[in-house]
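Okay, here's what each chain looks like letter by letter:
Number of protein chains: 2
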Amino acid sequence: MGQYSAPLRDMQFVLHELLDVEGTLKTLPPHAEIDAETINQVIEEAGKFCSEVIFPLNQVGDREGCKYEGNGVVTTPSGFREAYQQYVEAGWPALGCDPAYGGQGLPVLVNNAVYEMLNSANQAWTMYPGLSHGAYECLHAHGTDEQKKLYLEKLVSGVWTGTMCLTEPHCGTDLGILRTKAEPDANGSYRLTGTKIFISSGEHDMAENILHLVLARLPDAPAGTKGISLFIVPKFIPDANGAVGERNGIACGSIEHKMGIHGNATCVMNLDGARGWLVGEPNKGLNAMFVMMNAARLGVGMQGLGLTEVAYQNSVTYAKERLQMRALTGPKAPDKPADPIIVHPDVRRMLLTQRAYAEGGRAFSYWIATQIDIELSHPDEAARKEAADLVALLTPVVKAFLTDNAFIATNEALQVYGGHGYIAEWGMEQYVRDARINMIYEGTNTIQSLDLLGRKVLGDMGAKLKKFGKLVQDFIEEEGTNEAMQEFVNPLADLGEKVTKLTMEIGMKAMQNQDEAGAAAVPYLRVVGHLVFAYFWARMAKIALEKSASGDAFYVAKLATARFYFARLLPETAMQIRAARSGSASLMALDADLF
Amino acid sequence: MGQYSAPLRDMQFVLHELLDVEGTLKTLPPHAEIDAETINQVIEEAGKFCSEVIFPLNQVGDREGCKYEGNGVVTTPSGFREAYQQYVEAGWPALGCDPAYGGQGLPVLVNNAVYEMLNSANQAWTMYPGLSHGAYECLHAHGTDEQKKLYLEKLVSGVWTGTMCLTEPHCGTDLGILRTKAEPDANGSYRLTGTKIFISSGEHDMAENILHLVLARLPDAPAGTKGISLFIVPKFIPDANGAVGERNGIACGSIEHKMGIHGNATCVMNLDGARGWLVGEPNKGLNAMFVMMNAARLGVGMQGLGLTEVAYQNSVTYAKERLQMRALTGPKAPDKPADPIIVHPDVRRMLLTQRAYAEGGRAFSYWIATQIDIELSHPDEAARKEAADLVALLTPVVKAFLTDNAFIATNEALQVYGGHGYIAEWGMEQYVRDARINMIYEGTNTIQSLDLLGRKVLGDMGAKLKKFGKLVQDFIEEEGTNEAMQEFVNPLADLGEKVTKLTMEIGMKAMQNQDEAGAAAVPYLRVVGHLVFAYFWARMAKIALEKSASGDAFYVAKLATARFYFARLLPETAMQIRAARSGSASLMALDADLF
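Going down the list, the sequences are from chains A and B. If you count the first sequence from 1, position 363 lands on 363 in full-length UniProt numbering, and the numbers rise without skipping. If you count the second sequence from 1, position 369 lands on 369 in full-length UniProt numbering, and the numbers rise without skipping.
Quick caveat, the hints were computed from the structure, so don't treat them as lab data. Certain hints may be false.
Unchecked claim - Straight line, CA to CA, 25 angstroms or less: simulated BS3-like cross-link-like pairs of lysine-lysine:
| hint | chain 1 | residue 1 | chain 2 | residue 2 |
| --- | --- | --- | --- | --- |
| 1 | B | K509 | B | K467 |
| 2 | A | K332 | B | K509 |
| 3 | B | K498 | B | K467 |
| 4 | B | K336 | B | K320 |
| 5 | B | K336 | A | K181 |
| 6 | A | K284 | A | K320 |
| 7 | A | K336 | B | K226 |
| 8 | B | K332 | A | K226 |
| 9 | B | K181 | A | K498 |
| 10 | A | K501 | A | K467 |
| 11 | B | K385 | B | K332 |
| 12 | B | K181 | B | K284 |
| 13 | B | K226 | A | K332 |
| 14 | A | K509 | A | K498 |
| 15 | A | K336 | B | K181 |
| 16 | B | K470 | B | K26 |
| 17 | A | K501 | A | K470 |
| 18 | A | K509 | A | K467 |
| 19 | A | K67 | B | K466 |
| 20 | A | K181 | A | K336 |
| 21 | B | K26 | B | K67 |
| 22 | B | K336 | A | K226 |
| 23 | B | K284 | B | K148 |
| 24 | B | K501 | B | K467 |
| 25 | B | K385 | B | K26 |
| 26 | B | K385 | B | K466 |
| 27 | B | K332 | A | K509 |
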């Protein structure tokens, strides 16, 4: 039950009308030849694949879940394996990968847009190729030439998949205390021993081999995060030609029963003298893994966006069809026994909340993806640095803000369905359950907030934040005399000033007491998220204002959604700024024993 | 896994120190003899029963769920039936019931406090006796003497259970369009035909008979809500002595697979010429059912409170035990590999959010229960009317505000556990899933908001709201010169003024356009909820200020939680007031086709 069709028109609006990605890509040598039409074609094809192949497996995957068959064997839900074969045969894993290893070399931007759709269609399924792509990026950045030669083509073609193995039973956030050991053996490789938990896609029946990227400690490693090294530990050890060989000593011991993403195997992985090969330098494993983590954080943001979009599509359909009560202002469908519930103001509030978060999230995350492409490929170092700073600043915001919003949005979608929303058959409650993990993994949203405020903003005295502020300021000045834009520019300017003040205030307080940053971080991230959304919504409103005069329904709706965003969602900042300013005293006063 | 122990100390604080219920009960003839000690004993006993018998079945119930065995038969999870037998044998169903029918005649207040604990221990299980009690109240208020004689003792003893059958596939909120038919037969009874859905506790193996209270239409009934009558339709038709006889034509056709409350059977009930007896007058069924609905709405509020409390208890324990990272201000447990996560400000924010919502909800809901006792039993009509007005005004607030808060709280509890919160074994994700239904059933929280703003506030030009405002005003004036109380009284007074202004503003706008009320209702309810909480938190702070000087940890913690509430949770009103004032235009502008 349910439906998903790729929001192609809105994706094209963001790509071409809002971001002019063709113009940006022309400045990047590896992508200079890519035109808008090619991008549209790729997205359209991917959208079809998502609707036709992946989406129909979403509820099946939730209902059946993965099964641990004993002896290290995990089976995925009906159809998952076959869909993955189709995905591989169509060459989708190669989309954003390096042509040197068989990739298609398309920009991160296009890959990201495809991932939005994959996640709308089936988040649990998408985590198999998603983690493989993360492993690809990590090895591409940190592997030796030999490692790249041996492994990358397998990941690019998709015949092998990948994982990241960080968490252990006693540590998730705090990797500094991890215990898995890696001891050098006589062959230049290492023997790894320990237990990893919460390993997404850790074992399955979809590919012939699985490459685990594992954090572990060398015998002489210093304590803490500076003593962690990264290893590649294949399920089957390949020979020099990449043929699958001997079974390695890493095996799934059990899978978790979880709130959602039932179709993805969340594995306990036992390493029992498993052979591994060092990736990057000894004791620098956490740095190498952070390449993967940052990509993964953007990826989690795309999971949030994907769920927001599909929840919206379904709840709109229901709201137009379900007849219940009359409009407060009198019957709107007098020929029917009741009006469709979309006549009710609060139903519209719930729908528009989802829509504004979906469209705002799309604009923001696609823009971030273009910044990553600039960071990776721009010929000018200053331009690369500028983009890298914006990406570093806003990666935690994409992750936390989009996943918080997705939880809000999927819950509103469920609520639109009333009692039916609570029933599994309708599919809406699955979106809520799936969305819930995105606020936790790849660093909880609290950790993202601390990263934003502590490291990214206060860590450089606001320098990176000022770079984003400059974009906002430029837009405000550009539109300063545009009468029609004042309804958007004024609240944007107001919020910009408030963020500046708030940041300085917290910075001053945190210099006296670090807990002040810890106390303010979560509401601070929500405020910055809204600043970003207000900026993109104002920019989208500008285009819609210019083009809606024609009566084109797309722009009329875009403008209405922008107005809704400013009227109804931006006011959250009034609460969050007060909360962020309230300081740490009310949190820290109570002795731990008195809780 | 997990834990629950009744929060006896805080319950006693609310009952005796905050509300002086002994003093109130002395003014009510049926309860004049009940002293504090008796109440404490009942609660302590019930708390033991909840921790020892009901709570251990909570995860089992979720995991196993109810099973539809075909042919109308439903089995409940392991242990549910036996626990219910114990519950019946101990006489708990009789607690708040009329002594004329075997009840113990205790006040609503005590019954409510017991339900808080039952819901903390196991919401799905508690819905079996909970709905029976609702059926008892409805029949007690509207049944004929003969019906009371035949049925009430069975409900009071608990050997039979009850349900309410309202919803049909095409109507939930909009009962005016319901289709189930009732045709008079030759025996003075009726034959009912139709399909009811979402019938909680509709079929099970826990009791020898089930009494269904069913809404249906008589042949000559006018259209809409004025043509609905109420019938009692027993599963087995009893003889005049109450012995179970012939199987009636009402049967469960299937049960729903739901997001949560798996241990409660949510049934499709098919009526195929089932014999029923009219309760109350023809075509006045909705009024009669509203007795049950209002009790049920308070009951749902208690479900929210129960889940908030148990989620808090568990997440506090985890936060004290889980070691992860060092405090931002330096190690607090230098002898351990990391600090317990309760040192982190944002973990404390998550814990205190739950705590403030639990304790605030307890104060509010116990107070409402005393008002119901006054409404039912006070010798003075004016006092009864005054209490009835407060209850009518605040019933939608108890229902919606406490269940919204419970969803926030259970989600914060899950988040405290990090990845473990997402894993079924730990039990936290079940609380989130169970809590989600409470925002939907017995009238969605949007419906509660429309009831509050449209019917209860604007419907009498704010007269009932002023009655609550008077309590707030009196307290503010009393404490006006108490220096130590200004930190609580000032924001309370400020919010009180804002609510008055906001109400007038919306009222004026709604006179021009009814959609203005629909657009403002949901944020308006949140604002009123906070006014109520701010009032009770200020009153609790006053007691804590007076008594915390002694160093008694209970009052120290109470005061700190009050300060947290004002610093961190009350600021939500800044957002909600702006949202409520933003009007209907941003919601209604977009043509339904353009969604």
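Comparing the hints with the structure gives:
no., hint, in the structure
1, B:K509 / B:K467, "holds (23 angstroms)"
2, A:K332 / B:K509, "holds (21 angstroms)"
3, B:K498 / B:K467, "holds (16 angstroms)"
4, B:K336 / B:K320, "holds (13 angstroms)"
5, B:K336 / A:K181, "holds (20 angstroms)"
6, A:K284 / A:K320, "violated (55 angstroms)"
7, A:K336 / B:K226, "holds (19 angstroms)"
8, B:K332 / A:K226, "holds (22 angstroms)"
9, B:K181 / A:K498, "violated (61 angstroms)"
10, A:K501 / A:K467, "holds (16 angstroms)"
11, B:K385 / B:K332, "violated (56 angstroms)"
12, B:K181 / B:K284, "holds (15 angstroms)"
13, B:K226 / A:K332, "holds (22 angstroms)"
14, A:K509 / A:K498, "holds (16 angstroms)"
15, A:K336 / B:K181, "holds (20 angstroms)"
16, B:K470 / B:K26, "holds (24 angstroms)"
17, A:K501 / A:K470, "holds (15 angstroms)"
18, A:K509 / A:K467, "holds (23 angstroms)"
19, A:K67 / B:K466, "violated (59 angstroms)"
20, A:K181 / A:K336, "violated (69 angstroms)"
21, B:K26 / B:K67, "violated (47 angstroms)"
22, B:K336 / A:K226, "holds (19 angstroms)"
23, B:K284 / B:K148, "holds (19 angstroms)"
24, B:K501 / B:K467, "holds (16 angstroms)"
25, B:K385 / B:K26, "holds (18 angstroms)"
26, B:K385 / B:K466, "holds (14 angstroms)"
27, B:K332 / A:K509, "holds (21 angstroms)"
Checked against the numbered hints above, the structure violates hints 6, 9, 11, 19, 20 and 21; every other hint is satisfied.
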